[in-house]
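With the hints as a guide, bring the two chains together.
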Amino acid sequence: MLEKHGLLKAYRKMREIREFEERLHVENATGEIPGFIHLYTGQEAIAVGICEHLTDRDYIGSTHRGHGHCIAKGCDLNGMMAEIYGKETGLCRGKGGSMHIADLERGMLGANAIVGGAPPLAVGAALSAKTLETGGVAVSFTGDGGSNQGLVFEAMNMAVVLQLPVIFVFENNGYGEGTGHDYAVGSRDIAGRAAGFGLPAVKVDGTDFFAVHEAMAEAVSRARNGGGPSVIEAVAMRWHGHFEGDPMLYRVAGEVTGLRANSDPLVLFLERVEGLVPQEDFDAVDREVALAIDEAIAKARAANPPAVDQLFTDVYVSY
Amino acid sequence: MSIKSFREALNEALRQEMERDHRVVLMGEDIRGGNGGSAGEVEAYGGVLGVTKGLWSRFGSSRVIDTPITESALLGMAAGSAVTGLRPVADLMFMDFFGVSHDMLYNQAAKFRYMFGGKARTPLVVRGMIGAGYGAGAQHSQSPYNIFATTPGLKVVVPSSPYDAKGLLIQAIRDDDPVVFCEHKTLYKMEGEVPDEPYTIPFGTARYTREGNDVTIIALAAMVHQANMAADKLAAEGISVEVVDPRTISPLDEEGILESVEWTGRVVIVDESAARVGFAHDVAALIASKGFRSLKAPIELVTPPHTPVPFAPSLEQAWLPNATRIEAAVRKVLEA
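Respectively, the protein sequence lines represent chains A and B. Heads up: the first sequence begins at 58 in our numbering, then just goes up one per residue. Heads up: the second sequence begins at 43 in our numbering, then just goes up one per residue.
Just chain B, same shape as in the assembly (with noise of 0.2 Å):
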């Protein structure tokens, strides 16, 4: 066990797992970087934010594979590759860019399985960047994982902490579905202990970052940690939250979820994908449906407004859910 970065402990599970099976191909724009061009450094990038970086020393250029910038072409690849033998893990930088190359994803690779009547397998794992707080633009800062959560085939797993990206990530490589794995861009610098050796961890495993019995959070990525921070406040005056992190929305761990609802019978559910339509909504319905009884108070939740996400810092902290925001509502859920 030592400290390391979300963005090492994203490195060390690529690495461990492409050294326990040959299948495991990397493949992405610049995930190695220097290509061509006047023959600067030979791995310029590895990766826009250095995830991959030191993998194209390790393994060279038949299993790190830079692409040309295109999507399509890029989830095609990995889709065919991964029906006919490979584990690969393709890199889409940003999530946000799924709407050029939806297609390899949405009509293939997650419909193989079942349009094949259960002959295939398309164990693929497509890495992407989500979340705003950047300064990164509309285009930058998306958190499609609602998008990608409606289609059935498809898993999505959204990590918050270092642990949880590395065994979250090695778990996804070894699974035979195709998975979506969103990085929120705001936590690679987020440092914590990471076991050295490889460890999966099951998708469909809340876990509960707060223990508490007034009010439960529900809250992925970023998220997880405002609402932490304003649990870790609230709790100063008395008042005792559940913060639960679901970790991944397909599979959805909606045990582990009821079950917190069942003991505080209050909700407050912050998601950063969308104002309508999205993972908050979700989660809602199913409490709505499945918990009824047990709720003391409507439900609330903390999402950005329906707009796309503005660039000038002083609008983009706006849009963002935060800490206050979800203080606010743990008030309002309390007084209802």
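Pulled out of the complex, with its shape left as it was, chain A reads as follows (with noise of 0.2 Å):
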């Protein structure tokens, strides 16, 4: 169980990514947002669990739906901004946008908008911090659409062969774009499938911080000692569409509202935490938070676009 510090500091990257996507869901209706965006709330246990145990040397690789992934790695808030608006000051300068945020100083290997595309990466990470013998490991995001791609398959069976010190996180958030997980995880059962491939998996409520935590413990610490590859499926539905302006017709009406009420993972890490860390230092963190992403929109809306020269710059190292 983590101290106070600890669960301070976990709670503040999970309000980081609530206040982050609620509030990009509100900006992107102003048409300023270039392209389409897909929000992570509803899943905020699942990136600051998993990334809770990491530190700089070691990679994850993200997804399409990648903001909290960042946030929880340590990606700046407002860096991350100004390249989701497509400016100058962005973490990539404006040529990769929301779905290829990187920061490789955070070992942030980038969002990914290949479905499936981030495992094989993490592979070639674990591969780096086994040869290199740097002591450090890669993770892996996934979501339960991209958990059936031959690719992500490919991966996890070399990690086996080659005994990596990589772990797989697939994130059932319950659709791939707009079809349930039940009609296209053909065994229903991500967890289950992986450990056909010979590494241990075990299957967590992915709304529940703790559940999450204690389970990337056991994965990073037989990672890091020499034991090999992992996978976690955390389930968690996501409160939005697949992308924002998706109107989720998929959907049951009341589910979204079900959700919110009954399965918010700040409300329910607030609940588990209760009488451990008084509720002012929380609310604290809430109100330090909001002013942060305030600043981060002010900043990124009132930060240049790339001048039209870098068009041509950073394809090659030389050519």
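These are calculated hints, taken from the structure and not from any lab test. Heads up, some of the hints might be wrong.
Keeping only pairs whose Cα atoms sit at most 16 Å apart, straight-line, the calculated EDC-like set for lysine to aspartate or glutamate is [what the hints assert, rightly or not]: (1) B:LYS161 - A:ASP371; (2) B:LYS161 - A:GLU331; (3) A:LYS66 - A:GLU84; (4) A:LYS61 - A:ASP246; (5) B:LYS332 - B:GLU297; (6) B:LYS95 - B:ASP63; (7) B:LYS161 - A:ASP246; (8) B:LYS275 - B:GLU297; (9) A:LYS356 - A:ASP371.
Derived DEER-like restraints, expressed as beta-carbon distance ranges [stated by the list, open to error]: (10) A:SER278 - B:GLY141: 37 to 43 Å; (11) B:ALA317 - A:THR370: 31 to 37 Å; (12) A:ASP366 - B:GLY141: 33 to 39 Å; (13) B:PRO350 - A:ASP246: 47 to 53 Å; (14) A:VAL217 - B:ARG318: 41 to 47 Å; (15) B:SER103 - A:MET305: 49 to 55 Å; (16) B:LEU300 - A:PHE369: 19 to 25 Å.
Even glycine gets a Cβ: it sits at the ideal position worked out from N, Cα and C.
Take a look at the structure:
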């Protein structure tokens, strides 16, 4: 169990994700944000429960729904927001966007717009850690939709064959775009299917920070001690659509209302820690985070777009 | 300097770079061979054509990594390890297999640097065989270098001699961008002078394998030798042909090509990749837009037909561009 400092830190990260995403939901309606965004609300306990075990020497690979992973891994909020707005001050100087936010110095290998893209890359990062003896581990995040991709199976098999320090996290958020996981995952059991590759695989409640945190403690310890790869399936329904603007016709009326009322990972977290940390400390975090997101949005809106000559830079190191 | 085969030149390049830099690792199916099973010979393969033979014995399993036959995981592992500190050389075996793994190169490795605002380096090499003429059929005989070269972020190397193979492979390994290194399977036994010490050949520098005044032939890999044969035959008739081997097609030595075109004014481009939207068409467009005023005749292309590579030797030989067809194309541009 985490002490007060650790609890507040984890709560702050989850609150940052919540505030970041809910504000984006509002701001996106202004039309100022180019392209499309995919919000992580409802799944906060997964990213934070996993990444609280990691440091900058560890790598994560993410999904198209990557804002939560970036925040949990320590990416700068202002740099992220500016990137989403397509500004030169963005973490990728406006060339990546929401689906490609990366920060290699923080061990963030990129959100990834290819479904199932992260696991093979995480296998590579784990190979670097093992070969160069950095002591690091690698983590891939993949959705229930991505869990069906062939290259994800290949990645798990490779990690077992080479006994690499990698943890494959499958976030089962109920839907791959507009199709239910109970339709598209043939076995209806992501962890059970993964176990067939010959690695420990557990299924946890993804709205329960402590369940995720505990499962990751075991997996990361195994990876750091030469015990090879693991799988964690964490179940937490997303609150928003596949993308912002998705009318969610595939969900029954009241589904999301029920999630907000009964399955809010932050509320569940606060219930669990009641009495361990004064409520006013959490309230202070809420206020600070709200201000930080205000500032991130204001800075992003005010920043310049990349100059047109930036079109041609950064394709190659040399050409 | 000593005489080495194309295969030996590649092996020497890999060994010397692995000795120089501990971050260079090899990965691929059967680059060692003999893992598991009934425990026969411990380094049973060394690559299906022996290019990596002896490297596992020298460097061990942490640097010469046999993988399952899962090309997506192979190239994904190469991309992920390259962007986090290693310098992997992934052996795709046959370049045709890019079809089952291309996302990790096309959508991932090639784009990291740009998508991440210049903050990533992805120094990986993908080696693989190209080329028809081996009776290998439609899925083991293609030369898809044109497809790789369309992707910004990738560099594409297509060597034609043992000397170039070694120098370009060392350059590829030291290069900080992802490089696709295409080895024509009919060249592995070809011998030539290759220095014993490591050396590099800069990308984007064409080599003139024949110098001449009347016609320029532009060709890659095995087709360079067909072009040379045609040039030598025509020389006996007093027709002076220049043969330009670009050696890398991304980057492409535009100046080296245009200089020769300016000199001769007549052009034949030989290309094993495709009848449509191939390397030949790209170079023809370059010459048409930047060298048009030098041209004395329409550009002639010698490519395969727009069909898959056939199996039967009679059909495969009819499919392949060769010295006879190149010679006919040279005569045609001279008559025009």
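- Query: When you check the alpha-carbon spacing of B:LYS332 and B:GLU297, does it fall within 16 Å?
  - Reply: Measuring from Cα to Cα gives roughly 10 Å; hence the hint holds.
- Does 49 to 55 Å hold as the CB distance between B:SER103 and A:MET305, or does it fail? holds, 50 Å
- Are B:LYS95 and B:ASP63 close enough, with their CA atoms no more than 16 Å apart? violated, 19 Å
- Message: Can you confirm whether the C-alpha distance between B:LYS161 and A:ASP246 stays at or below 16 Å?
- Response: Status violated; Cα separation ~38 Å.
- Outcome of range test on Cβ distance (B:ALA317, A:THR370; 31 to 37 Å): Hint holds: Cβ distance 36 Å, inside 31 to 37 Å.
- Taking the beta carbons of B:PRO350 and A:ASP246, is their distance inside 47 to 53 Å? Cβ of B:PRO350 to Cβ of A:ASP246: about 41 Å, so the range 47 to 53 Å is violated.
- Query: Taking only the CA atoms, is the gap from A:LYS356 to A:ASP371 under or equal to 16 Å?
  - Reply: violated, 24 Å
- Look at the Cβ atoms of A:SER278 and B:GLY141 and judge whether their distance stays inside 37 to 43 Å. holds, 40 Å
- Can the suggested window of 19 to 25 Å be confirmed for the beta-carbon pair B:LEU300 and A:PHE369? holds, 22 Å
- Taking only the CA atoms, is the gap from B:LYS161 to A:ASP371 under or equal to 16 Å? holds, 8 Å
- Item | Status of the given 33 to 39 Å range, CB of B:GLY141 versus CB of A:ASP366 | Given about 37 Å between the Cβ atoms, the range holds.
- Task: With a cut-off of 16 Å on the C-alpha distance, tell me whether B:LYS161 and A:GLU331 pass.
- Result: violated, 43 Å
Checked against the numbered hints above, the structure violates hints 2, 3, 4, 6, 7, 8, 9 and 13; every other hint is satisfied.
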